[in-house]
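For reference, the chains in residue letters:
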Amino acid sequence: MTGSNTARPRSPNIRNYRPQLTSVLSIVNRITGVALSLGAIVLVAGLAAAALGPQMYEPLRRTLISPLGKLTLLFMTFAVFLHLCGGIRHLIWDLGIGFELRSIYVSGWIIVVVSGLLTIATWTAAIVLGAHS
Amino acid sequence: MSSPPLRSPGARARGLGSARRGSEAWLAERISAVALIPLTLWLVISLVMLHGGAYTDFVGWIRKPASSLLMVLSLVALFHHTALGLEVIIEDYVHSAAKLPVLVGCRFLCVTLCTTGLLAILMLDTKATP
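Chains as they are written, first to last, in my numbering: chain A, 1 to 133; chain B, 1 to 130.
In isolation and in its complexed conformation, chain A is listed as follows (with noise of 0.2 Å):
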């Protein structure tokens, strides 16, 4: 029994454990969860730079429509939705609701689903109605 201690693969071992929805779900929503706290930095950087003037919130506003901004509130609103829906999704499991293998892939595919329609239906909506420039 010398050395049985050392270097045990762990259970679950990710290094040759498949994908699926489940895990990658599972993992998304604390990606998209760590992500949203950088994207709630910005959110008070915005606040903060509107109460110290225009001169500070210019330069917000144009990093955030440019290219790379836009892209990355892209990013951001998807991120805002799949950790909503994937929120949904948890809090309704916590009453009890929806454990059957079936009912959890069926869940799984609706929030990835239905969190892009809502991307798309939200940069629309922005493009159409905001006061872009």
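None of these hints come from the bench; they were simulated from the model.
One or more hints might be untrue.
Said to hold, decoys possible - So the derived label-pair ranges between C-beta atoms look like this:
1. R15(A) - H95(B): 17 to 27 Å
2. L6(B) - A121(A): 49 to 59 Å
3. L60(A) - K99(B): 27 to 37 Å
4. L60(A) - G22(B): 32 to 42 Å
5. L95(A) - S8(B): 34 to 44 Å
6. S8(B) - Q20(A): 32 to 42 Å
Stated by the list, open to error - Capping the alpha-carbon separation at 20 Å, the derived lysine to any residue pairs in SDA-like fashion look like this:
7. K70(A) - T115(B)
8. K70(A) - S46(B)
9. K127(B) - G53(A)
10. K70(A) - L47(B)
11. K70(A) - G53(B)
12. K70(A) - L43(B)
13. K64(B) - A54(B)
14. K64(B) - G53(A)
15. K127(B) - T56(B)
16. K64(B) - K127(B)
17. K70(A) - M49(B)
18. K127(B) - L86(B)
19. K70(A) - V48(B)
20. K70(A) - T126(B)
21. K127(B) - L52(A)
22. K127(B) - M56(A)
23. K64(B) - A49(A)
24. K127(B) - D57(B)
25. K64(B) - R30(A)
26. K70(A) - I45(B)
27. K64(B) - T126(B)
28. K127(B) - P54(A)
29. K127(B) - A49(A)
30. K70(A) - Y55(B)
31. K99(B) - K70(A)
32. K127(B) - E58(A)
33. K64(B) - L41(B)
34. K70(A) - V44(B)
35. K64(B) - L52(A)
36. K127(B) - A48(A)
37. K70(A) - L25(A)
38. K127(B) - V111(B)
39. K127(B) - W61(B)
40. K99(B) - V88(B)
All of these numbers come straight from a predicted model, not from anything done at the bench.
Heads up, the beta-carbon is just placed ideally off N, CA and C, and yes, glycines get one too.
Take the given structure of chain A and dock chain B to it, following the hints.
For chain B alone, kept in the frame of chain A given last:
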């Protein structure tokens, strides 16, 4: 009504097993999540309408009492939820001596950011001219 203890006094003394508390953080994460459903939708719709707008548009919008109130509620719910979520992630992945300082630092950062946002709203609301 107390059930017979399942752990030996020794195990209890070493602090193994349930601390008999801890579900508060789990529940608070869910309650803040429920609050954030309507607040997030409001925030996304508002930011869509404002996207790329001028400084005066933003200030005029945030100074509306309804906007100020909903933004205050959003910031409090958002940063409480953010702190709780990040703390779970830290507890899962940080096992070194850095765990406690990282947890405390995370909570300090979230409280500071939230307070900065609230102060900014207060400044914008009380500003003489936008």
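Cross-check of the supplied hints:
1. R15(A) - H95(B): 17 to 27 Å: The hint (17 to 27 Å, Cβ to Cβ) holds, given that R15(A) and H95(B) are roughly 20 Å apart.
2. L6(B) - A121(A): 49 to 59 Å: holds, 52 Å
3. L60(A) - K99(B): 27 to 37 Å: For L60(A) and K99(B) the Cβ distance comes to about 34 Å; the hint holds.
4. L60(A) - G22(B): 32 to 42 Å: holds, 40 Å
5. L95(A) - S8(B): 34 to 44 Å: Holds - the Cβ-Cβ distance for L95(A) and S8(B), about 36 Å, lies within 34 to 44 Å.
6. S8(B) - Q20(A): 32 to 42 Å: holds, 40 Å
7. K70(A) - T115(B): violated, 27 Å
8. K70(A) - S46(B): Holds, at about 16 Å.
9. K127(B) - G53(A): Holds: K127(B) and G53(A) sit about 10 Å apart, inside 20 Å.
10. K70(A) - L47(B): Holds: K70(A) and L47(B) sit about 13 Å apart, inside 20 Å.
11. K70(A) - G53(B): Answer holds: K70(A) to G53(B) is near 14 Å, not above 20 Å.
12. K70(A) - L43(B): holds, 17 Å
13. K64(B) - A54(B): With a Cα-Cα distance of about 16 Å, the restraint between K64(B) and A54(B) holds, given a limit of 20 Å.
14. K64(B) - G53(A): holds, 18 Å
15. K127(B) - T56(B): The hint holds at about 13 Å.
16. K64(B) - K127(B): holds, 13 Å
17. K70(A) - M49(B): holds, 15 Å
18. K127(B) - L86(B): Roughly 35 Å separates the two Cα atoms, so the pair is violated.
19. K70(A) - V48(B): Satisfied, since the Cα-Cα distance of roughly 12 Å is no more than 20 Å.
20. K70(A) - T126(B): violated, 31 Å
21. K127(B) - L52(A): Distance ~10 Å between K127(B) and L52(A) Cα, so the pair holds.
22. K127(B) - M56(A): holds, 16 Å
23. K64(B) - A49(A): holds, 18 Å
24. K127(B) - D57(B): holds, 15 Å
25. K64(B) - R30(A): Status violated; Cα separation ~34 Å.
26. K70(A) - I45(B): Status holds; Cα separation ~16 Å.
27. K64(B) - T126(B): holds, 11 Å
28. K127(B) - P54(A): holds, 13 Å
29. K127(B) - A49(A): holds, 14 Å
30. K70(A) - Y55(B): holds, 18 Å
31. K99(B) - K70(A): With a Cα-Cα distance of about 35 Å, the restraint between K99(B) and K70(A) is violated, given a limit of 20 Å.
32. K127(B) - E58(A): holds, 18 Å
33. K64(B) - L41(B): Roughly 18 Å between the alpha carbons, so the hint for K64(B) and L41(B) holds.
34. K70(A) - V44(B): holds, 14 Å
35. K64(B) - L52(A): holds, 18 Å
36. K127(B) - A48(A): holds, 13 Å
37. K70(A) - L25(A): Between K70(A) and L25(A) the Cα gap is close to 25 Å, so the pair fails against 20 Å, i.e. violated.
38. K127(B) - V111(B): violated, 24 Å
39. K127(B) - W61(B): With a Cα-Cα distance of about 14 Å, the restraint between K127(B) and W61(B) holds, given a limit of 20 Å.
40. K99(B) - V88(B): holds, 11 Å
Checked against the numbered hints given earlier, this structure breaks hints 7, 18, 20, 25, 31, 37, 38; the rest are met.
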